[in-house]
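S.K.: Please model the entire structure based on the sequences and the hints provided.
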Amino acid sequence: MSSDKRKLSYGLAINEALLQMMEKDSSVLLCGQGVKSPWYVGATCKDLVQKFGEDRVIDTPISENAMTGAAVGAALTGMRPIILYPRMDFMLYAIDPIVNEAANWSYMLGGKASVPVVIWGIINRKGEQGTQHSQSLQTMFAHIPGLKVVMPSTPYDAKGLLIAAVQDDNPVVYIDDRQLYNLEGDVPDEMYSVPIGKGIIRKEGKDITVVATSYMALKAVQAAELLEKEGIHVEVIDLRSLKPIDKELLFSSIKKTGKLVIADGTWKSYGVAAEISALVTENIFEYLKAPIKRVALPDTPAPASRTLEDAYYPDEKEIIKAVKEINK
Amino acid sequence: MDKTLLKNFYSEMVKIRFCEESFVEPILSGEIKCPVHLCTGQEAIAVGVCSALQKDDYVFGNHRSHGHYLAKGGNLNAMVAEVYTKQSGCSKGRGGSMHLIDKEQGFVGSAPIVTGTVSLALGAALAAKTRREPRVAVSFFGDGATGEGVLYESLNFAALKKLPIIFVCENNLYSTHLPVRECRPEQPIFEIAKPFGITTSQVDGNDILAVFNGAQKAVELCREGEGPFFIECLTYRMRGHVGPNDNVQGAYTDIRPESEVEEWKKKDPIKRFEELLLEDRVLEEKDMEEIKQEIKKEVDNAHKLANEDVRPCSEDINKYVFR
Numbered sequence: 000m001s002s003d004k005r006k007l008s009y010g011l012a013i014n015e016a017l018l019q020m021m022e023k024d025s026s027v028l029l030c031g032q033g034v035k036s037p038w039y040v041g042a043t044c045k046d047l048v049q050k051f052g053e054d055r056v057i058d059t060p061i062s063e064n065a066m067t068g069a070a071v072g073a074a075l076t077g078m079r080p081i082i083l084y085p086r087m088d089f090m091l092y093a094i095d096p097i098v099n100e101a102a103n104w105s106y107m108l109g110g111k112a113s114v115p116v117v118i119w120g121i122i123n124r125k126g127e128q129g130t131q132h133s134q135s136l137q138t139m140f141a142h143i144p145g146l147k148v149v150m151p152s153t154p155y156d157a158k159g160l161l162i163a164a165v166q167d168d169n170p171v172v173y174i175d176d177r178q179l180y181n182l183e184g185d186v187p188d189e190m191y192s193v194p195i196g197k198g199i200i201r202k203e204g205k206d207i208t209v210v211a212t213s214y215m216a217l218k219a220v221q222a223a224e225l226l227e228k229e230g231i232h233v234e235v236i237d238l239r240s241l242k243p244i245d246k247e248l249l250f251s252s253i254k255k256t257g258k259l260v261i262a263d264g265t266w267k268s269y270g271v272a273a274e275i276s277a278l279v280t281e282n283i284f285e286y287l288k289a290p291i292k293r294v295a296l297p298d299t300p301a302p303a304s305r306t307l308e309d310a311y312y313p314d315e316k317e318i319i320k321a322v323k324e325i326n327k
Numbered sequence: 000m001d002k003t004l005l006k007n008f009y010s011e012m013v014k015i016r017f018c019e020e021s022f023v024e025p026i027l028s029g030e031i032k033c034p035v036h037l038c039t040g041q042e043a044i045a046v047g048v049c050s051a052l053q054k055d056d057y058v059f060g061n062h063r064s065h066g067h068y069l070a071k072g073g074n075l076n077a078m079v080a081e082v083y084t085k086q087s088g089c090s091k092g093r094g095g096s097m098h099l100i101d102k103e104q105g106f107v108g109s110a111p112i113v114t115g116t117v118s119l120a121l122g123a124a125l126a127a128k129t130r131r132e133p134r135v136a137v138s139f140f141g142d143g144a145t146g147e148g149v150l151y152e153s154l155n156f157a158a159l160k161k162l163p164i165i166f167v168c169e170n171n172l173y174s175t176h177l178p179v180r181e182c183r184p185e186q187p188i189f190e191i192a193k194p195f196g197i198t199t200s201q202v203d204g205n206d207i208l209a210v211f212n213g214a215q216k217a218v219e220l221c222r223e224g225e226g227p228f229f230i231e232c233l234t235y236r237m238r239g240h241v242g243p244n245d246n247v248q249g250a251y252t253d254i255r256p257e258s259e260v261e262e263w264k265k266k267d268p269i270k271r272f273e274e275l276l277l278e279d280r281v282l283e284e285k286d287m288e289e290i291k292q293e294i295k296k297e298v299d300n301a302h303k304l305a306n307e308d309v310r311p312c313s314e315d316i317n318k319y320v321f322r
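If you're matching them up, the sequences are chains Y and H in order.
The first sequence maps to residues 0 to 327 in numbering that gives the first Met the number 0.
The second sequence maps to residues 0 to 322 in numbering that gives the first Met the number 0.
You may find that some hints are simply not true.
[What the hints assert, rightly or not] Residues from chain Y shown here face chain H by an in silico Cβ test under 7 angstroms; the list is partial:
#1 P60
#2 N64
#3 G68
#4 Q128
#5 L307
Since the hints were derived computationally from the structure, they do not count as laboratory data.
The C-beta atom is built at its ideal place from N, Cα and C for all residues, glycine as well.
M.R.: Written out as structure tokens, the structure is:
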């Protein structure tokens with residue numbers, strides 16, 4: 000059996016990337032709140048402390064600002080740190096070292112230094128966890144010059160993008176989703192990377208393009224399969240990297256279909272979908288045959304109650320609805 | 000000490016305990032889904048501190064604040080309903096267990112970002128001082144909060160402006176799933192306030208009288224403009240970090256040694272206080288039983304009301320974003 004047919008969960012794919020990178024490169028270190036606790040990080044950090052010791056796998060005090068600054072400082076002095084936030088919401092304490100320092104460092108010092116740090120935030124939505132444990136903050140980071148932002152949706156990409164992020168000489172914000180941790184998929188056991196800045200076509204189609212990020216890419220594929228039965232052929236693009244963004248892939252698909260739905264799991268206003276929409280109208284407006292539709296979160300903080308959560312998080316039904324609205 | 004006060008201490012602690020334990024079953028059955036951080040074992044701190052406060056003093060809570068809310072006079076039915084994320088909850092089902100509020104009782108709010116509400120309590124103390132009101136603000140936080148820089152920033156500003164704020168650190172020995180000895184050097188927490196010139200002390204957090212006496216002194220001095228104060232209360236959480244038991248919810252993450260749990264069971268704040276009440280003849284066993292029965296009824300009724308209530312309807316998803 001060839002190795003590329005091996006199945007692995009999304010969580011364990013991340014774990015394998017960490018194991019392989021830490022094995023290969025002794026400058027890689029992992030720190031953050033909960034690296035020793037599956038409650039926080041699922042299977043992603045399995046066996047790491049045992050294998051690499053507490054000098055390289057550091058379960059930190061609850062000190063996001065200082066720990067992030069320390070990761071940036073270590074990156075400036077020869078290490079390749081990965082700083083983890085078990086709930087992305089906690090990253091807000093660390094915005095200063097991420098934005099003011101890490102993102103700007105190379106530019107403001109004339110390119111004489113770089114910050115090879117991976118800033119790993121886990122989206123922890125659902126389960127009635129409420130406003131401060133459920134937020135998807137990718138847009139904030141994609142807005143900042145000097146940061147790369149990736150969002151894997153499959154186990155294959157979870158591993159490959161994490162390896163690429165660690166190998167990158169720039170700060171990379173790696174955003175995954177707890178709801179995907181048990182998702183199984185093909186993951187080669189050798190070390191490989193998925194290029195940052197490259198999207199992928201998950202399903203080809205001629206009628207309409209759906210561009211999606213993270214778990215919404217999975218929902219988009221589900222939607223496309225259902226629409227196929229009704230004779231609507233949807234092309235699904237999984238963006239994978241929000242920054243840099245794969246304009247070529249986007250534009251070539253939209254030039255073919257002339258119609259676009261964007262599905263992203265963060266808030267609608269000023270969000271990822273807004274940026275993609277602007278890129279398309281700015282550059283290839285003449286190819287559009289219909290208005291662009293966005294499927295995103297309402298401009299509302301994450302609610303706790305399950306009835307509101309059900310209404311809050313979009314899924315394949317919203318994508319299907321959006322597709323039908325413009326595919327007339 | 001006044002017998003009515005002692006009886007109140009007792010019934011308040013029992014109320015919190017019964018309330019917390021009443022959540023165990025519905026959590027395990029999935030009826031309650033939102034993350035619930037039970038304060039079983041820590042009741043004496045909430046009751047001791049809040050009993051020293053007046054209704055219009057301010058309290059800010061954290062992720063583990065059922066006790067703070069109830070001890071400050073928060074409405075029981077509204078809290079239980081909130082934990083079920085029902086419409087009649089104190090946050091209308093939008094917040095869940097970690098987001099409690101009872102403004103009429105001076106419980107300004109709770110939120111789980113660690114140390115996130117400490118500086119908010121600082122602001123409440125600033126507001127009281129600016130308006131020349133004799134109010135005191137209390138910030139409840141855990142040992143884990145000592146890792147966040149904002150705590151030290153708040154200590155500095157509180158000392159600088161002599162604000163009427165009491166920083167109450169509930170040291171339950173665990174910062175989520177990490178023992179406190181793995182997150183900070185072995186220096187007593189109460190000493191962190193010393194370099195700022197803040198009067199600080201360490202009390203037995205499972206001794207309601209010790210907590211109350213410490214808090215009462217701090218409150219009085221705060222009202223006279225002699226704040227801020229820092230009180231470290233040594234205690235232990237008898238339940239998991241989240242939910243009844245960290246080992247039953249998919250991940251085996253309870254790292255508390257069994258012997259340690261057993262040791263702390265002996266220091267149960269309610270049992271200890273019961274012994275004292277019997278010894279001093281404040282209450283007899285049958286009085287305690289009556290109090291317990293009464294409270295059990297109240298708590299059962301709160302669950303009944305919550306169960307009869309509905310969750311918010313999805314059309315109202317955007318309600319309360321602004322007012």
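S.K.: Decide, hint by hint, whether the structure agrees.
M.R.: A quick look at each hint next to the structure:
Given the 7 angstroms rule on beta carbons, the hint for Y:P60 holds: about 3 angstroms separates it from the nearest Cβ of chain H. For Y:N64, the suggested interface contact is upheld, since its CB lies about 6 angstroms from the closest CB of chain H, less than 7 angstroms. Residue-level restraint check for Y:G68 is violated (minimum Cβ-Cβ distance to chain H is 10 angstroms; threshold 7 angstroms). Of the supplied interface hints, the one on Y:Q128 holds, with its beta-carbon coming within about 6 angstroms of a beta-carbon of chain H, less than 7 angstroms.
Given hint, Y:L307 at the interface with chain H, holds; its Cβ is 5 angstroms from that chain's nearest Cβ, closer than 7 angstroms.
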